[in-house]
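A.B. asks: In the order they appear, the protein sequences are chains A and B. Residue 266 in my numbering sits at position 266 of the first sequence, and the numbers go up by one each step. Residue 111 in my numbering sits at position 111 of the second sequence, and the numbers go up by one each step.
There may be inaccurate statements among the hints.
Remember, identical chains collapse to one label, so a pair may be satisfied in a single copy or spanning two.
To be verified - Pairs of lysine-lysine residues, derived as DSS-like cross-links and limited to a Cα-Cα distance of at most 30 Å, are as follows: (1) Lys202 to Lys285; (2) Lys258 to Lys78; (3) Lys100 to Lys78; (4) Lys258 to Lys202; (5) Lys143 to Lys202; (6) Lys78 to Lys94; (7) Lys16 to Lys78; (8) Lys78 to Lys23.
These aren't lab readings, by the way, just hints derived from the structure by calculation.
Number of protein chains: 2
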Amino acid sequence: MREPLRLSSADNPRVKAVVRLRKHRDRRESGLFVAEGMREVGRALAAGLWMEELFFCATILGRSWGELLRELPDIQDKAAHAAAFDVPPGLLEKMTYCEKPEGLVAVFQQPRWELETLAERATALRKDCWPTDLWVVAAGTEKPGNLGAMVRSADAAGAWGVFAADANVDAFNPNAIRASTAAVFVVPVISAPSGDILRFLKNRNARIIVATPEATLDYTSVDLAGPVALVIGAEDRGVDALWREAAGTTGCVTIPMKGVAVDSLNASNAAAIMLFEATRQRRQK
Amino acid sequence: MREPLRLSSADNPRVKAVVRLRKHRDRRESGLFVAEGMREVGRALAAGLWMEELFFCATILGRSWGELLRELPDIQDKAAHAAAFDVPPGLLEKMTYCEKPEGLVAVFQQPRWELETLAERATALRKDCWPTDLWVVAAGTEKPGNLGAMVRSADAAGAWGVFAADANVDAFNPNAIRASTAAVFVVPVISAPSGDILRFLKNRNARIIVATPEATLDYTSVDLAGPVALVIGAEDRGVDALWREAAGTTGCVTIPMKGVAVDSLNASNAAAIMLFEATRQRRQK
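Model the full assembly from the supplied sequences, consistent with the hints where possible.
C.D. replies: Here it is in structure tokens:
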């Protein structure tokens, strides 16, 4: 990798492009995202993602360029093609979303998962996990942190992938990346309309299981060891009729609660409970 | 309740006191906390907490004082003793922690739970739930949002209470309140040193169950229907030796994971998984 070029103007189009990537629309249109800090950048490289640009500030990072390369050799090994820039502290702070900038910001290409090729690729990824489909559908999720936490739990449970159905958040929002502890770099996360996802799942013969407080069927009494997709709704609005109809009365389940103050769970906690009930049943088989 | 007094100076000691309550230390020393917005203030009143002061801004709230009282009659019914103040928008914004201030801020007394009297009070609160003890110990939790989410799940699972052991966060941090969806107003949350909590749990004959990745025992193979305390550690540091020793080899359990990218769960997700495995076992009994 070449020595980093000095870059000091806030008007530089590269700097502006990084700041714009905070917006969902810009990430969607460009297919890019921003990773921040040693750990996140390191994990994106380890996941094999393609780095486009690297911005670093020796003062904030507390490391010289040479020290950075020694500590994160993947920068040279896997991202020798990327453009590197040395930026002053004030400018790096402008580029970072994180409250405590670490002095390292990199632009990567998002992994591309297409519904058309997902089945093959995800099965290959998960062949050491479960023999039958295990998917999560985050339906209408509104908080990026919740989506990220769901992807983390999905990975931990060995799920094949996560669908963000009709969601106005994406997995490469900085808060989603952080909450996922970089699982979004590895786990397939597919943003698509509910109808397309449902068609995909029907082709897979995956049973649709919707967690909803209105149901009466206990989630632990339903077979989650067979091929399933676990649908978790947004906390306020619940799950769309489309999904509830696809699940039918034998696929709509409830997590029995005894709350004095609350009658619902955080969406990522509901997903974790459902996912690990599925793993419990699969281990018993 | 008297008509609210007009208050417009940022130097007013009442205003400064509200801002100071963002600090853990000020909340601990005063025993007070701040609730923000219609829903949170309404839930604190519904939970029977004692309101000290109410600050409102008709412009931001989009309601007159009369309309506020009609919509939240508990203000008159349960907080007639409180001092009410009418403040201009700029000042209310200074007092609020929330990014989108709703125009309503209230100072309440924290519910007081003491280890000495906890057993009686919690049993009474939960007599309709489980016949045997079900506690959560958040050991060294560092994120208020995680603590709040754990309290929410604990309530939903019918747990008797949550201990924040050696924690440097408290349940009345604004982010903890929000993540708990006000469950912290109702569920006993006790901040105390680990040693004191352990003594309390031993007196209750509650079995200590520690979730830790180093354990080999599957959490679903352990009896969680008897009296138990589920100990969840901080994500980075894990659980202190004190707790692991108290649990012993038959009380240290693992949640089996199959992650490609991650090998741990968000603390609140781990708590939810353990809590709802306990409720599953209890329903089966």
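A.B. asks: Could you work out which earlier hints the structure fails to respect and list their numbers in ascending sequence?
C.D. replies: The structure conflicts with no hint, since it agrees with every one listed earlier.
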